[in-house]
Amino acid sequence: MTLRDKLIWAAVAVVGAIAFGVVALSRGEPINAAWLVIAAVCIYFIAYRFYALFIARWAFGVDPRRATPAYRHNDGLDYVPTDRYVLFGHHFAAIAGAGPLVGPVLAAQMGYLPGTLWILIGVVFAGAVQDMTVLFLSTRRDGKSLADMVRSEMGPVAGAIAGVGVLLICVIVLAVLALVVVKALVGSPWGAFTVFCTLPIALLMGVYARLIRPGRIGEMSAIGAVLLLIALIYGRTVSENPALAGFFDLSGPTLAVILIGYGFVASVLPVWLLLAPRDYLSTFLKIGTIILLAIGVIIVRPDLQMPALTKFVDGSGPVWAGGLFPFLFITIACGSVSGWHALIASGTTPKMIENENQIAFIGYGGMLMESFVAIMAMVGASVLHPGVYFAMNSSVGVIGATADQAAQVISSWGFTVTPDMLTQMAQSVGEKTILSRTGGAPTLAVGMASILSSFLGGGAMMGVWYHFIILFEALFILTTVDAGTRALRFMIQDFVGAAIPAFRATESWINNLIGSALACTLWGYLLYAGVVDPYGGIWTMWPLFGATNQMLAAIALTLCTVILFKMKRERFAFVTIVPSVWLLVCTVTAGLQKVFHADPAIGFLSHAAKFSAAAASGTLVAPAKTLDQMSRIVFNDYLDAGLAGLSVAIVLVVVVYAIVDIAKALGSPKITAVEVGGATAAAAE
Amino acid sequence: MTETLTSRARFVCEAVAKTARLMVGVPDYQTYVEHRRTVHPDLPVMTYEAFFRDRQQARYAVSKGRFRGCC
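Protein chains in written order, with our numbering: chain A, 1 to 685; chain B, 1001 to 1071.
No lab work stands behind these hints, which were simulated from the structure alone. C-beta atoms are modelled at their ideal positions from N, C-alpha and C, and glycine is treated no differently. Among these hints, one or two may not hold up.
Have a look at the derived ranges for each label pair, beta carbon to beta carbon [unchecked claim]:
| # | chain 1 | residue 1 | chain 2 | residue 2 | range |
| --- | --- | --- | --- | --- | --- |
| 1 | B | A1009 | A | S152 | 41 to 49 Å |
| 2 | A | L652 | B | A1009 | 49 to 57 Å |
| 3 | B | T1006 | A | F54 | 25 to 33 Å |
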């Protein structure tokens, strides 16, 4: 490092430290979002330069002369050596989704500080390390998937258990993300109209790129984008016309059924017709909007109205149940650390890496970008008046159904807000009400609409921006739902196929229909249960989602640790041991609390006990209105407890296997990791 | 000076277009054609249309290790 480099890095460190100090220490008066952004960016640069490169060089021992799978299997299709900037874009587009936008918004109930700290510390020491390590390991194994790596390095039993874990997280992710869409579109004709319009638009694009101008991605996407904007603007007209609005003014259960049906149809139809064009549209919209949001936050530099800490750090918050530890650390999953990324980092990216020395840039760097998206989401939620934030994110059961009741309840928490503010906000974004729009997406949409409209279009554009952000989130969540349903279908076929081999044939139409129906039933049931859940669904289900997602991250990091030991690099294994242990502590504590906690607000079993005891004596407990609802609540409690308990069991079994493997690796004098390629393999061939 | 600027701008535009295509699972067609010509000169080369269909099908093929965007 030259003196000039040293001075530059010292300057970055000083600026970052000052910004971080302002974020962490200011109390009372609102701080500017710019401090948050500067602190984050400085931390990212320093972490990349001094931690990611250290891990790549010393912990992994990356070998720039070793041929990557892209060269050894080059076929011009799946395995292609790809420029690192192009591949970075591909990788980021694959990992970026709704997770980092929703988690931070929900975490803001404790104030902006706890969530921000976890996003920054989590990404540097856990999330980005996981993504990069899995990418490295998969690159050294011809792009093997996570489950395959667990199988080959830790044995078939651990592999099968990890496979069940992946299936479980897939079901829960689909249900919870679909729930976010439902919550955003309930009783919103403008939003529902625009999102439904994406279907005919996608069909048109699909036909265009298949039959009219085959393969012209740019043209079809441009046509789709223009039609989408027209639908967005025309949506206001629809919402203001009572005759038309009636068709799109839908209840939660209706929307849930429509979504489940959509997932089934998209999974069964040929991909070029519906799934692919929607995917293209949502990918480009996603990247474009993320860039737009970043520009908006940097230009407008709004003040954060949310306090640094609220009184809800004690766990009494209305948005989700549970205290700061362990629930904050599972509420923000994506953005800090996300197990889902381990599946992506062992997918297509390792097959295209040009050189091992680019792994830090793509794996660690890509995750830092995702973390930045999470910071923007935190800014979006914190620029709102806290009263508006809590009105949007608390369920009807907590704040009541009218603006008067809501304002009274929220003011009693110490966040003074008037009914006028709530109704005015709803009017300015073109909705009937903003109360209890849980799920994070609408909150972010209001926050971002207020930022974007202050430099593009002014107050008159507020409604358009709000529905644009809703559309953007709904579009790419739906893309996850349809692609995820297909992936789930395959996993189910694989599992059931172990018993009935004929079911494995993925080409068969009957298998396709049965598999898709099973997949939709699994996540659809959870979604429906969440929608009719009187607590609003998000309150119960988001912690379950976070816990399983972090559980997968814990499994991935445990695998990474085992392999580092098998590579005889145990001296550096702390880079994955530290985040593994932290995630294990968080997920196991959270999982056990979700099952056994004595407070019915947190523990599923005590909640079930409370309701079944009441049902036995024939009394109704709010929010249930019939005995039938009471028994449904009890059943869902047992189901959720089972899912949470299963997650904990899976992660603990994997850890036991890992400890045995590590002991074996320490006892062996040789390297026992099973790698493909490299000098030894080349010599053996 | 202007020439290097325009060529540089063209290079950036091409890189952006390549990135955008790869984001939706379609790798660079020219690279594929060159690969087939140099490594497998005896084998047929798909037209762009066939290449696009093949890649589209592969991206959504129900198979292992293909997950995208949750988080």
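Hint-by-hint comparison with the structure:
For A1009 (chain B) and S152 (chain A), the hinted distance range of 41 to 49 Å is satisfied, since their beta carbons lie about 47 Å from each other. Taking the beta carbon of each, L652 (chain A) and A1009 (chain B) are about 56 Å apart, inside 49 to 57 Å as hinted. The hint said 25 to 33 Å for the Cβ distance between T1006 (chain B) and F54 (chain A), and at roughly 40 Å that hint is violated.
Comparing the model with each earlier hint shows a violation of hint 3 alone; every other hint is respected.
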